[in-house]
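Hey, can you work out the whole structure from these sequences and the hints?
There are 2 protein chains.
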Amino acid sequence: MELCKKDLPLRTKYKEIAEKKCYRENGHDGNCKEFPYLADLAKNHPRVANKIKRDATKTTGAAWKSEDAGPNRIDRWVMLQSDDVLVQYGLNMKALKPTVVAKLREKAASYGDCMSVAAKLTWFAYQMPDAPLCPNDIKSYLERRFAKMTPHSTTCIVCKEPLSFSLFENAQRGKAEIETAHSNPREHNDVNVGFAHRACNIAQGNKTLDEFYEWVTGILSRAGRLKQ
Amino acid sequence: MELCKKDLPLRTKYKEIAEKKCYRENGHDGNCKEFPYLADLAKNHPRVANKIKRDATKTTGAAWKSEDAGPNRIDRWVMLQSDDVLVQYGLNMKALKPTVVAKLREKAASYGDCMSVAAKLTWFAYQMPDAPLCPNDIKSYLERRFAKMTPHSTTCIVCKEPLSFSLFENAQRGKAEIETAHSNPREHNDVNVGFAHRACNIAQGNKTLDEFYEWVTGILSRAGRLKQ
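In the order they appear, the protein sequences are chains V and L. Each residue of the first sequence is one higher than the one before, counting from 22 in my numbering. Each residue of the second sequence is one higher than the one before, counting from 22 in my numbering.
Hints are computed from structural coordinates only; laboratory data are not their basis. Honestly, I wouldn't trust all of these hints.
Copies of the same chain look alike in the list, so a pair counts if it works inside one copy or between any two.
[As the list claims (entries may be wrong)] Listed next, the in silico DMTMM-like pairs over lysine to aspartate or glutamate satisfying Cα-Cα at most 20 angstroms (straight line): (1) Lys-118 to Glu-198; (2) Lys-228 to Asp-104; (3) Lys-124 to Glu-208; (4) Lys-27 to Glu-190; (5) Lys-181 to Glu-55.
Structure below.
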């Protein structure tokens with residue numbers, strides 16, 4: 022599917038290093054929109070729509086006090102810029118602990134990849150067992166960008182159990198039970214992203230899924246829990 | 022081994038609900054001591070000695086602003102008391118979120134169990150591959166309380182790999198690479214406690230080790246990673 026990709030007005034102090042484009046289909050009528058496929062979730066499940074946007078586009082976990090970015094959220098594509106460029110925007114990477122810098126840099130991703138991730142996460146969300154019905158125009162859009170949608174097919178990318186849409190709303194100790202997850206935590210793009218149970222995502226940690234499966238196989242072997 | 026168990030002076034506002042006893046051998050000469058077996062580590066590896074004391078005796082993770090307990094450390098035995106008793110000491114459990122209360126209550130343990138945990142952790146620490154040499158008097162004391170010590174034998178209770186004493190000193194993102202761990206996270210006693218890699222302890226989460234091994238076996242099975 023060809024996308025409109027018209028530049029949209031930026032409301033950020035990072036104007037020269039930021040992007041914002043229309044992701045409606047090329048030749049659409051009406052207004053340009055950055056997240057056209059989120060219209061239904063934004064209206065009926067705003068927490069889910071906000072989570073998809075946030076996880077797709079923002080870094081997490083940095084103890085950073087920036088008015089523009091919030092305490093610990095920075096646009097992932099801003100993190101692609103060099104220290105020298107960032108310092109011009111008031112982000113002094115050299116003032117942060119090396120481990121914080123590493124964590125932030127690890128989350129860097131291009132604007133285009135972030136936009137693909139948001140759409141792919143939406144595609145997954147609508148295929149959860151108890152997901153709301155996907156409006157036809159959104160279904161058609163997402164299927165043409167990715168692949169045919171199969172109701173009830175979305176599983177946790179780590180444990181492969183079905184993932185319930187209702188977990189988006191549940192919270193334990195203030196944390197959602199469902200998290201955006203990556204087959205390779207150091208790559209943020211639409212072929213590498215999915216959802217996972219919180220416990221599964223935590224257990225995977227900063228390992229790739231392959232590394233995680235090998236790691237726990239070794240654990241089970243040493244614990245005498247693998248059938249020979 | 023029979024222990025002295027003489028009451029020692031308490032320096033806490035929880036006098037009526039606290040204990041402090043001598044854990045030297047019964048009939049010892051010289052002063053009574055609560056942690057006699059930590060003398061060597063306290064002198065030569067104070068971070069390790071402090072960690073053992075702290076993990077054995079304190080709760081963790083509560084966002085509690087109490088001058089006496091510190092921001093998130095409360096004696097585990099204090100958490101055995103009822104809400105009504107605690108409120109007399111200025112600890113109003115009802116003012117905390119239910120999930121925080123649950124977490125605190127889960128960490129409750131008797132003073133005696135905490136003291137046994139501290140000694141058992143010391144016994145494990147001296148058996149790490151690169152542990153400092155255990156002074157003879159301490160070795161004799163710990164062996165009579167638990168079992169014969171085998172140099173280089175301490176492994177992570179989760180992954181069963183040898184655990185290096187040097188991990189106590191390493192830190193990543195401000196967190197020690199080694200953590201006190203429990204076969205059953207809801208039981209704090211000397212048969213249930215040990216050390217684990219940080220990543221292993223995090224992966225285990227609030228599951229028992231048995232539950233954890235079953236859980237990852239299921240994951241590997243569904244991911245097609247188990248040999249048939």
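Quick rundown of the hints versus the structure:
In the homo-oligomer, the alpha carbons of Lys-118 and Glu-198 lie at most 20 angstroms apart only across protomers (18 angstroms), although the nearest pairing inside one protomer, at 30 angstroms, exceeds that limit. For a Cα distance limit of 20 angstroms, the shortest separation of Lys-228 from Asp-104 qualifies neither inside one copy, at 27 angstroms, nor across copies, at 42 angstroms. Taking the shortest Cα distances, Lys-124 and Glu-208 sit within 20 angstroms of each other inside one copy (13 angstroms), while across copies they are farther apart (34 angstroms). In the homo-oligomer, the alpha carbons of Lys-27 and Glu-190 never lie at most 20 angstroms apart, since the shortest distance is 34 angstroms inside one protomer and 53 angstroms across protomers.
In this assembly of identical chains, Lys-181 and Glu-55 lie within 20 angstroms of each other by CA distance neither inside one copy nor across copies; the values are 31 angstroms within and 50 angstroms between.
In the structure shown, a violation is registered for the earlier hints numbered 2, 4 and 5, in ascending order.
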